[in-house]
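Listed below are the residues making up each chain.
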Amino acid sequence: EDQVTQSPEALRLQEGESSSLNCSYTVSGLRGLFWYRQDPGKGPEFLFTLYSAGEEKEKERLKATLTKKESFLHITAPKPEDSATYLCAVQASNTGFQKLVFGTGTRLLVSP
Amino acid sequence: NAGVTQTPKFQVLKTGQSMTLQCAQDMNHNSMYWYRQDPGMGLRLIYYSASEGTTDKGEVPNGYNVSRLNKREFSLRLESAAPSQTSVYFCASRATTGTLGYTFGSGTRLTVV
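Chains G and A, in that order, give the protein sequences.
The C-terminal position of the first sequence is numbered 112 in the numbering used here, with every residue numbered one higher than the one before it.
The C-terminal position of the second sequence is numbered 113 in the numbering used here, with every residue numbered one higher than the one before it.
In isolation and in its complexed conformation, chain G is listed as follows:
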C-alpha cells in the first residue's frame, strides 16, 4: 500500500531561522512527488513536482529535494508569510496518474 509520512507534525520557527520538513514515502514505483502549501480555510496550492531521485526545485525561499525514499522541503530565512500547512503527496506508477496519496501535513508557524 502506498504511504506518505510527514514530519514534524508542527514546527515553530523564528523569522530567519532556516529548517527542513520531511516527507517519507513508500510506493510501488514513483511517478511523481508533489508539494503543496495550504493556508487556513483555503485549498492546497501547488508548489513543486519532483520525478526522480536527485532532482531539486526552488521557488523563492523554498527548495524541494528528492531521494529514493524521502523528500525534503528546505525553508531558508523564512518570513511570517511562509506560515502555512505544507502537504506532500505521491503518485504511484501502478495507479496511473489519477490518484495522489497525501500525507497529513506539517503545520509551520514563523514568528516575527
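Do not rely on the hints blindly, as some may be mistaken.
[Unchecked claim] Here are some of the chain G residues that sit facing chain A, going by a computed Cβ distance under 10 Å:
1. Phe34
2. Phe48
3. Phe72
4. Thr104
5. Val110
[Said to hold, decoys possible] Cross-link-like lysine-lysine pairs, in silico, DSS-like; alpha carbons within 27 Å at most:
6. Lys79(G) <-> Lys68(G)
7. Lys57(A) <-> Lys42(G)
8. Lys79(G) <-> Lys99(G)
9. Lys63(G) <-> Lys99(G)
10. Lys79(G) <-> Lys71(A)
11. Lys9(A) <-> Lys99(G)
12. Lys99(G) <-> Lys57(A)
13. Lys79(G) <-> Lys42(G)
14. Lys99(G) <-> Lys57(G)
15. Lys42(G) <-> Lys68(G)
16. Lys71(A) <-> Lys99(G)
17. Lys42(G) <-> Lys9(A)
18. Lys71(A) <-> Lys42(G)
Honestly, the hints are just simulated from the structure, not real lab data.
Using N, Cα and C, we set each Cβ at its ideal position, and we do this for glycine too.
With chain G's structure known, arrange chain A on it following the hints.
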C-alpha cells in the same frame, strides 16, 4: 482567471438530508477530482473523472455519487447525509499532460448534525 470554483462554501445538514456540491473549472482540464480532508487523515480521494463522460471510485466512495455534467463541471451528491460525512470537501482538476499538479478549489465545509 477563476480556476476551480466550488459552491457552497459552508453547509449544515441534518442526518438523512441530501445535497449536491458543485464544482466548475475554467482551465479546459480533462480530469477532475473530489477529495475530503479530515483532521489527522490527510486528503482522501472520493471519486474522480478522467475525462468527460467517465467517473471512477477513489479511496472512500461509500455514501457519495458524482456526475460529470460536461468538461467544466463535476458535482458530488450526498443522498442521505451521515455525521461521518462531516468534513471539508475539495474539488480539483488537472490537465492530462504536463508537469503541473492539481489545481484545487477553496473547499466546502460540511457539517452533518
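Taking the hints in turn, this is what the structure says about them:
1. Phe34: holds (5 Å)
2. Phe48: With Cβ-Cβ at 8 Å, under 10 Å, it holds.
3. Phe72: violated (18 Å)
4. Thr104: At 5 Å from the nearest chain A Cβ, Thr104(G) passes the 10 Å test, so the hint holds.
5. Val110: Because about 22 Å separates Val110(G) from the closest Cβ in chain A, which is outside the 10 Å limit, the hint is violated.
6. Lys79(G) <-> Lys68(G): This hinted pair is violated, its Cα atoms lying about 30 Å apart.
7. Lys57(A) <-> Lys42(G): Within the cut-off at roughly 25 Å; holds.
8. Lys79(G) <-> Lys99(G): Given pair Lys79(G), Lys99(G) is violated - Cα atoms ~33 Å apart, limit 27 Å.
9. Lys63(G) <-> Lys99(G): Given pair Lys63(G), Lys99(G) holds - Cα atoms ~24 Å apart, limit 27 Å.
10. Lys79(G) <-> Lys71(A): Given that 27 Å is the threshold and the Cα spacing comes to 40 Å, the pair is violated.
11. Lys9(A) <-> Lys99(G): holds (25 Å)
12. Lys99(G) <-> Lys57(A): Holds, at about 11 Å.
13. Lys79(G) <-> Lys42(G): holds (20 Å)
14. Lys99(G) <-> Lys57(G): Roughly 22 Å between the alpha carbons, so the hint for Lys99(G) and Lys57(G) holds.
15. Lys42(G) <-> Lys68(G): Cα-Cα ~31 Å, so violated.
16. Lys71(A) <-> Lys99(G): holds (19 Å)
17. Lys42(G) <-> Lys9(A): holds (10 Å)
18. Lys71(A) <-> Lys42(G): Given pair Lys71(A), Lys42(G) holds - Cα atoms ~24 Å apart, limit 27 Å.
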